[in-house]
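**Q** Based on the provided sequences and hints, a complete structural model is requested.
The primary structure of each chain is shown beneath.
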Amino acid sequence: GENVEQHPSTLSVQEGDSAVIKCTYSDSASNYFPWYKQELGKGPQLIIDIRSNVGEKKDQRIAVTLNKTAKHFSLHITETQPEDSAVYFCAASKRGADKLIFGTGTRLQVFP
Amino acid sequence: NAGVTQTPKFQVLKTGQSMTLQCAQDMNHNSMYWYRQDPGMGLRLIYYSASEGTTDKGEVPNGYNVSRLNKREFSLRLESAAPSQTSVYFCATGQNSYEQYFGPGTRLTVT
Numbered sequence: 130g131e132n133v134e135q136h137p138s139t140l141s142v143q144e145g146d147s148a149v150i151k152c153t154y155s156d157s158a159s160n161y162f163p164w165y166k167q168e169l170g171k172g173p174q175l176i177i178d179i180r181s182n183v184g185e186k187k188d189q190r191i192a193v194t195l196n197k198t199a200k201h202f203s204l205h206i207t208e209t210q211p212e213d214s215a216v217y218f219c220a221a222s223k224r225g226a227d228k229l230i231f232g233t234g235t236r237l238q239v240f241p
Numbered sequence: 302n303a304g305v306t307q308t309p310k311f312q313v314l315k316t317g318q319s320m321t322l323q324c325a326q327d328m329n330h331n332s333m334y335w336y337r338q339d340p341g342m343g344l345r346l347i348y349y350s351a352s353e354g355t356t357d358k359g360e361v362p363n364g365y366n367v368s369r370l371n372k373r374e375f376s377l378r379l380e381s382a383a384p385s386q387t388s389v390y391f392c393a394t395g396q397n398s399y400e401q402y403f404g405p406g407t408r409l410t411v412t
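The listed protein sequences correspond, in order, to chains Z and W.
Count along the first sequence starting at 1, add 129, and that's the number in my numbering.
Count along the second sequence starting at 1, add 301, and that's the number in my numbering.
Honestly, I wouldn't trust all of these hints.
Using 25 Å as the maximum straight-line C-alpha spacing, the simulated BS3-like pairs for lysine-lysine come out as follows [as the list claims (entries may be wrong)]:
no., chain 1, residue 1, chain 2, residue 2
1, Z, 228, Z, 197
2, W, 310, Z, 166
3, Z, 228, W, 372
4, Z, 186, Z, 151
5, Z, 186, Z, 200
6, Z, 171, Z, 200
7, Z, 171, W, 310
8, W, 358, Z, 223
9, Z, 166, Z, 200
10, W, 310, Z, 223
11, W, 358, Z, 228
12, Z, 197, Z, 171
13, Z, 223, Z, 200
14, Z, 151, Z, 200
15, Z, 171, Z, 151
16, Z, 228, Z, 151
Just so you know, these hints were derived from the structure itself, not from any lab.
**A** Spelled out as structure tokens, the structure:
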């Protein structure tokens, strides 16, 4: 079955710096890759997603890139702010699948 | 439009007690999911329902049962709670195996 690996497990950056979180997937048929942000005490919230027919997608300070050949995708956060501190999860899915396969999460801390 | 709601928000049980966690959605999604998240851990799928009338086991189904009452509601039941079931439980809904939307969670402690 599909497996999604996520790195790093923790990431600390200075406010204003960039942060990058990477995920790899095993099933070449996967075609949907969402990213979730989980703030303390809350449920995960979808922040951006990408489908396999595009290589990059941006939304203000966040972007996701996809390399289908290498089977990996990444979340990029620029000009980080303290409110970006949270746990981030990547996931993968494919047409006809009943569920998302989640990575293990990355705890991002942004220091002022 | 409340999205995904879960009740209760907090619960403390004694070992052996039973309870049902409720989840309801107003997003008209076909699929619903139950996850558990232990401290410092990722999301583990307990059960899911791809459509009304169907349920399937996820990664960690032992000790749990589910009911898809109708399109809107999906409940998770613990028949005999154990300390190992202390966790935060999240319900989620989705459409066609793509976007999933999560509820606020139920924090369960079993003593």
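**Q** Work down the list of hints and note, for each, if the structure agrees.
**A** Hints and how they fare:
1. Z/228 - Z/197: 20 Å, holds
2. W/310 - Z/166: Measuring from Cα to Cα gives roughly 20 Å; hence the hint holds.
3. Z/228 - W/372: 17 Å, holds
4. Z/186 - Z/151: 15 Å, holds
5. Z/186 - Z/200: 17 Å, holds
6. Z/171 - Z/200: Not satisfied, since the Cα-Cα distance of roughly 30 Å exceeds 25 Å.
7. Z/171 - W/310: Distance of about 11 Å is within 25 Å: holds.
8. W/358 - Z/223: 19 Å, holds
9. Z/166 - Z/200: 22 Å, holds
10. W/310 - Z/223: Distance of about 32 Å is beyond 25 Å: violated.
11. W/358 - Z/228: 11 Å, holds
12. Z/197 - Z/171: Given pair residue 197 of chain Z, residue 171 of chain Z is violated - Cα atoms ~32 Å apart, limit 25 Å.
13. Z/223 - Z/200: 13 Å, holds
14. Z/151 - Z/200: 11 Å, holds
15. Z/171 - Z/151: 23 Å, holds
16. Z/228 - Z/151: 21 Å, holds
Of the numbered hints stated above, those contradicted by the structure are hints 6, 10 and 12, listed in ascending order.
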